[in-house]
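There are 2 protein chains.
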Amino acid sequence: MKPIELLRKLDAEAKLLEHIGAALGWDQETYMPSGAIDERADQLAYVETLAHEKATAPEIGRLLDELGSTEAEPSGPGSLPTIDRAYLRVMRRKYDQATKLPAELVSEMARATSLSQAAWVDARKHNDFKAFAPHLSRMLEYNKKVAACLDPSKRPYDVLLDRFEEGGSEEQVASIFGPLRVELVALLDRIRGKPQIDDSFLRRRCPAAAQAEASAYFMRALSYDEKRGRLDTTAHPFTTTLGESDVRITTRYVEDFFPSSLFSTIHESGHALYEMGIDPAPEYRRTSLAEASSMAVHESQSRLWENTVGRSLGFWLQHLPALRQIIAPAVDGVGLDEFYRAINKVEPSLIRTEADEVTYGLHVILRFELEGRMLSGDLSVDDLPAAWNEGMRRLLGVAPKNDAEGCLQDIHWPMGSFGYFPSYALGNLYGAQWWDAMKAQGLDPKAAVELGDLGSILSWLRSNVHRSGSMYKPGELVEKVTGAPLDPSHFVRYLNDKYAGVYGL
Amino acid sequence: MKPIELLRKLDAEAKLLEHIGAALGWDQETYMPSGAIDERADQLAYVETLAHEKATAPEIGRLLDELGSTEAEPSGPGSLPTIDRAYLRVMRRKYDQATKLPAELVSEMARATSLSQAAWVDARKHNDFKAFAPHLSRMLEYNKKVAACLDPSKRPYDVLLDRFEEGGSEEQVASIFGPLRVELVALLDRIRGKPQIDDSFLRRRCPAAAQAEASAYFMRALSYDEKRGRLDTTAHPFTTTLGESDVRITTRYVEDFFPSSLFSTIHESGHALYEMGIDPAPEYRRTSLAEASSMAVHESQSRLWENTVGRSLGFWLQHLPALRQIIAPAVDGVGLDEFYRAINKVEPSLIRTEADEVTYGLHVILRFELEGRMLSGDLSVDDLPAAWNEGMRRLLGVAPKNDAEGCLQDIHWPMGSFGYFPSYALGNLYGAQWWDAMKAQGLDPKAAVELGDLGSILSWLRSNVHRSGSMYKPGELVEKVTGAPLDPSHFVRYLNDKYAGVYGL
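Taken in order, these protein sequences are the chains called Z and G.
Counting in this note's numbering, the first sequence runs without a single skipped number right up to 505 at its last residue.
Counting in this note's numbering, the second sequence runs without a single skipped number right up to 1505 at its last residue.
Since the hints were derived computationally from the structure, they do not count as laboratory data.
We put the beta carbon where it would ideally sit given N, CA and C, even for glycine.
Fair warning: there could be bad hints in the mix.
[Unchecked claim] Ranges of calculated distance between the beta carbons of each label pair, as one might list FRET restraints:
#	chain 1	residue 1	chain 2	residue 2	range
1	Z	1	G	1152	38 to 44 Å
2	G	1390	Z	6	40 to 46 Å
3	G	1110	Z	42	42 to 48 Å
4	G	1125	Z	205	50 to 56 Å
5	Z	225	G	1226	43 to 49 Å
6	G	1207	Z	225	55 to 61 Å
7	G	1227	Z	1	45 to 51 Å
8	Z	447	G	1115	51 to 57 Å
9	Z	479	G	1226	51 to 57 Å
10	Z	110	G	1103	34 to 40 Å
11	G	1485	Z	207	55 to 61 Å
12	G	1282	Z	207	57 to 63 Å
13	G	1256	Z	329	54 to 60 Å
14	G	1125	Z	336	53 to 59 Å
[Claimed, not checked] Distance condition first, Cα-Cα at most 20 Å in a straight line; then the derived DMTMM-like pairs of lysine to aspartate or glutamate:
#	chain 1	residue 1	chain 2	residue 2
15	Z	9	Z	42
16	Z	9	G	1029
17	G	1009	Z	38
18	Z	401	Z	450
19	Z	227	G	1029
20	G	1227	Z	347
21	Z	9	G	1378
22	G	1054	Z	65
23	Z	9	G	1038
Sequences and hints are given; from them, build the entire structure.
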């Protein structure tokens, strides 16, 4: 067996264990009886430990070292094909990230994280930031240590960000978020000057069974392959990959707010279509190359389907008649335009996960700024609540009444995750840039949506974004596909055009 | 760590992998999307191989050898508690069965079995026994080899039977089945002299949703712990153990025959109650001691609940009113006696799995006789169809029109399983003997059922049968609990009493 093949084989074994873990995790969230939780935790820990062992096997390190020298001479006689060189990049990165952290740090951090999360749940419940502050400090310290282990030559935030957005840096993200913030604040300001939309009909009662039927309808409309996945209900919607032919999604049915399941199903379907669309060729199959280019690119898929497609006028021109039938009487007497405006209502709010397309980015930008400042030492943990509240007023014009609906709302920092937040907003930017690239390449996605031809959009995304998995870093991918680096102007133009119509600006 | 504790730890690791395999298997049968089958097969094979490696680790052999000498001197100074000695018996037996077969034989046999099963599916479809005969011969040969590897000093059938019924022998089973056969044939003959029961109302349409509600009702009635298990639907009902606190059952809903789901749910609940009732003490927890005493004892639990309890007049005196409500109008206008007689209709038929309480044992006895004769060389494979048909006429008075509804009906022989069939009938005998032991020990189970007090029956079974897991061999268990060896007269008396009433004999 050639070294590269042996590497793929070892990688596939770790991947298989990851998929088994995903199956156990999916079951835990969907159907597992409550009394089984302790045993399931032991089973999951066992599988994860084994997967980690496989992924960090010294044999992989030796193969990477051996193959590494070849990588350096792409045109030499012993050179490897481009795809193999990309694979070595991906594997080297994963291996380093998994092996560079001392076991002691990993286990200390796991224990501290578990305590931090428990303290956060409590602090949020009792609106007591002070009780959580020492844990947050500890999480920051551990993240600095992690960054120092992974790459002491770089700034900590850059190292942490790179784990989710390969090749990204605080400076690059700031250069994108800066102009984006200005534009979002300006657009929000213009919307504020207009009469607010009445979306009260969205609160009409709609039974879970009807919502489930609607979810199934929209999954079919998006060409989600039901032979390779399924939809179930969970407390929090998610997408999980149990294998290249088993990508499951979940949703939840809120009986007095049907848009919740509607758009979460479309959102998760977007994630699943990405996973299902990765090249099944032997170089990808069951390897680490069959993963998303980045978290932000993943989010570009879910948000493109949820918002750019799913909240467009053309989409509902096509699908509102069917929805009317399926969830009757929930939208009886509601016209297309009224429906379209209601699902696109913009309203500054306190909670990120409930935010609309315009304000969502501002929530993320605030978190990006604050976590960067905390990591650089420019902002102390004790000053976080005040800085948060000031930021909310400045960006969104609203102020939390307490920290529970302020800086304690997200689980990310309590679980020690710094550098992840930007992905949420970058996803929207990638999405808008893909959309404009379709147009530049002769596909009119808006017309396709109006004609109910979602297939041509999916085909384009498959060929250009899905198929190559993690072969390209996100920055390389966007240049390759659109001919330019990531540029917020696509998203800004999209929002300005859309909301000019929605609010008559 | 003491050697016995180390042994438990190694055992628990193999057990955990078994449970993970059960979770993957359960998912495959219930919710897995069809396209995932190939990957799931690889995942299951991986987990099973790993579980086998753990269960056959040389370390276990060394520990057993080390501890074995202690076992021999139960009263010596270094002696072990009774429960530890029982554990060593169980582990030694498992370890020997898993390690005594040469790897080459195991893999050859796996390949041959897979071909045999495929040939059987085809032969059954085309009613072509001749095409399957060479595979059956091969399965017999492999089984003889297996028996020779496990214990060359014993007769092959005894070795094979012992795998499912520890300590059993062909001679012992024959001595039980002999008188049982005579009694069953005589009872059947008397029933034949009476007018047949009209059970046509059982074919009234009953929607799956109503049947599901009935299943849930009866699971609650039996005290099935819904925090430690759940019910789902599959093509063939089964019980599976994903952990000591996760024992799931399945059923299927036949809309024009509601008794199918009703009694299969009760049957599988009986299996699950056994698994859930095993002692959770540290000596048992997640070890091989937390397994059933034998397949037949397992079957005694499912059949006791399904038939002795679930098809009794007292049970329906208590529960028919509720069933009426739940599955209305399926049993509208049907009186208690009419219902009771219909669910106990006796009718000789060709297919074992559809047989009633009286004829079921005769199907099993025929298979026991034929597989014993084939293994001893007394019956050739080519002569099997004729011997089968002759046996059916002799025992049941019916004759298959073809081999598909004759000797090709069961999957057991095609999959190389010989010595398993007796467990099905022995289960009924154990069940009747437990029932009579309850009476002898002052509990009146019939009165308890009539009063809706199933809890006292469950308590008795837990204390006497469930709790000890595989601490006792089945022969030891029945002696310990009832004061006598397994004796078919309990079951015979039960049937004669019951059917005297049902048919007015």
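So, going through the hints one by one against the coordinates:
Between residue 1 (chain Z) and residue 1152 (chain G), the C-beta spacing of about 41 Å keeps the proposed range 38 to 44 Å intact. Between residue 1390 (chain G) and residue 6 (chain Z) the Cβ separation comes to about 60 Å, which falls outside the hinted range of 40 to 46 Å. The hinted range of 42 to 48 Å is not satisfied by residue 1110 (chain G) and residue 42 (chain Z), whose Cβ atoms lie roughly 30 Å apart. For residue 1125 (chain G) and residue 205 (chain Z), the Cβ-Cβ distance of about 51 Å falls inside the hinted range of 50 to 56 Å, so the restraint holds.
Range check, residue 225 (chain Z) to residue 1226 (chain G): Cβ separation about 34 Å, and the 43 to 49 Å hint is violated. About 30 Å separates the C-beta atoms of residue 1207 (chain G) and residue 225 (chain Z), a value inconsistent with the hinted range of 55 to 61 Å. One distance hint, 45 to 51 Å for the beta-carbon pair residue 1227 (chain G) and residue 1 (chain Z), holds here, with the actual separation near 49 Å. Evaluation of the 51 to 57 Å hint for residue 447 (chain Z) and residue 1115 (chain G) yields a pass: the beta carbon distance comes to about 56 Å.
Against the hinted window of 51 to 57 Å, the Cβ-Cβ separation of residue 479 (chain Z) and residue 1226 (chain G) comes to about 55 Å, which satisfies the hint. Distance hint for residue 110 (chain Z) and residue 1103 (chain G): a CB-CB separation of about 39 Å, consistent with the stated range 34 to 40 Å. The hint said 55 to 61 Å for the Cβ distance between residue 1485 (chain G) and residue 207 (chain Z), and at roughly 59 Å that hint holds. Separation of residue 1282 (chain G) from residue 207 (chain Z) is about 48 Å and departs from the stated range, judged on CB atoms against 57 to 63 Å.
Checked against the hint of 54 to 60 Å, the C-beta distance between residue 1256 (chain G) and residue 329 (chain Z) comes to roughly 35 Å, which is inconsistent with it. At roughly 55 Å, the beta-carbon separation of residue 1125 (chain G) and residue 336 (chain Z) lies within the given 53 to 59 Å, and the hint holds. A distance of roughly 27 Å separates the Cα atoms of residue 9 (chain Z) and residue 42 (chain Z); the hinted pair therefore is violated under the 20 Å criterion. This hinted pair does not check out: residue 9 (chain Z) and residue 1029 (chain G) have alpha carbons roughly 28 Å apart, beyond 20 Å.
Between the alpha carbons of residue 1009 (chain G) and residue 38 (chain Z) the distance comes to roughly 17 Å, so the proposed pair stays at or under 20 Å and holds. The suggested pairing of residue 401 (chain Z) with residue 450 (chain Z) is violated, with an alpha-carbon distance near 43 Å, which exceeds 20 Å. Proximity of residue 227 (chain Z) to residue 1029 (chain G) is assessed by CA-CA distance (about 14 Å); at most 20 Å being required, the pair is judged to hold. Distance restraint check for residue 1227 (chain G) and residue 347 (chain Z): the Cα-Cα separation of roughly 42 Å exceeds the 20 Å cut-off, and the hinted pair is therefore not satisfied.
The hinted pair formed by residue 9 (chain Z) and residue 1378 (chain G) fails the criterion: a straight-line CA distance of about 51 Å is larger than 20 Å. A threshold of 20 Å between alpha carbons decides the hint, and for residue 1054 (chain G) with residue 65 (chain Z) the separation of about 32 Å lies outside it, so the pair is violated. The suggested pairing of residue 9 (chain Z) with residue 1038 (chain G) holds, with an alpha-carbon distance near 17 Å, which does not exceed 20 Å.
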